[in-house]
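2 protein chains.
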Amino acid sequence: MEKIRLGPMPYMSVMPTVLVGADVMGKPNYMVAAWATVACMAPPMVCVAINKGRYTWKGIEENRTFSLNVPSVSQAVETDHCGLVSGAREDKSGVFTSMYGILGTAPMAAECPVSIECELFESVDCGSHLLVIGKIAEIHAMKSCVTDGKPDIRKIDPIIYAQSTYYRVGDRTGEAFSAGKKYRKR
Amino acid sequence: MEKIRLGPMPYMSVMPTVLVGADVMGKPNYMVAAWATVACMAPPMVCVAINKGRYTWKGIEENRTFSLNVPSVSQAVETDHCGLVSGAREDKSGVFTSMYGILGTAPMAAECPVSIECELFESVDCGSHLLVIGKIAEIHAMKSCVTDGKPDIRKIDPIIYAQSTYYRVGDRTGEAFSAGKKYRKR
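Chains C and R are the protein sequences, given in the same order. Residues in the first sequence are numbered consecutively from 1, following the numbering used here. Residues in the second sequence are numbered consecutively from 1, following the numbering used here.
For the record, the hints were derived by calculation from the structure and aren't laboratory data. If you're wondering where the values come from, they're calculated on a predicted model, not measured in any experiment. Think of the CB as a built atom: it goes at the ideal place given N, C-alpha and C, for glycine as much as any other residue.
Quick list of the computed label-pair ranges, beta carbon to beta carbon:
{"hint": "1", "chain 1": "R", "residue 1": "183", "chain 2": "C", "residue 2": "144", "range": "21 to 27 Å"}
{"hint": "2", "chain 1": "R", "residue 1": "27", "chain 2": "C", "residue 2": "184", "range": "16 to 22 Å"}
{"hint": "3", "chain 1": "R", "residue 1": "89", "chain 2": "C", "residue 2": "84", "range": "48 to 54 Å"}
Same shape as in the complex, but just chain C (with noise of 0.2 Å):
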């Protein structure tokens, strides 16, 4: 049970990969992101940390909207190749097909199963990085990977990142608010 120091560093176990959409002087940009997830109930938000310099956040700061778009695994080269080069330098508006929602300048990745719609409420200035903080104007996802309303990440397999690899979702290990019935006091 004994610990050991590691030393600080930017460490979560699991963590989603999405594509941060964003229009940058008018065109379509996806960038690979994986510091994502959820910062509010109600109204509903997410949150994407991005690096101050990346070209993705020119176009948030510009229009005040954003996408998150979750690949599928079979999607992993395309997603991948969107962390690997900058929008500054290649035209990546042509990776995936673009699509605009109710906001109107936030692209989204037609191919992925869900695209998550988002109005900049906050940019948080941590050091390197930016927490932006989006409200969620519309949540969509293909028919074909909805289930009872919601996204089926069955459906989707989308892929974990930790550690620079991807992952896929396992075995369902328990539901949540009711594995921990079976508690008992030590």
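Take the given structure of chain C and dock chain R to it, following the hints.
Just chain R now, kept in the frame of chain C:
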């Protein structure tokens, strides 16, 4: 490829299951959370969304320190229990063995493979939730769960959270910043 609109809802494809540790009125308390990710690389930071009414928040506000603890799939019962009952109603200080690190007031669950010790950096009022951002003071990890100085996902066996269900990490599907090299323009 056609997408349907599901309406705004708090959604992220995959999330980590963590235990937020805080001393509340002098006693360690642990709450379960999934809305957590890395917020910054330099300095290293994490963030976690916490409902404003949570007992745990009182402790974070008071001490300006907290921890994020990563449980294994084998600890799902204790972990989920911490999400079923509030520390305001039941003393949860005995669910895990608490240890303290360099900050002195952030209790960490000794039994969890990894504990992230944090100093409160900022909390952003998003509505129902506060997005709590912490500067990482230290990463404490069980020696048996470390490879080359870093927490090892295969040894940790962390709990993924998605839509009220727990999963374990599945197969490795590729290397990040590498898989995309196979990309060819359409």
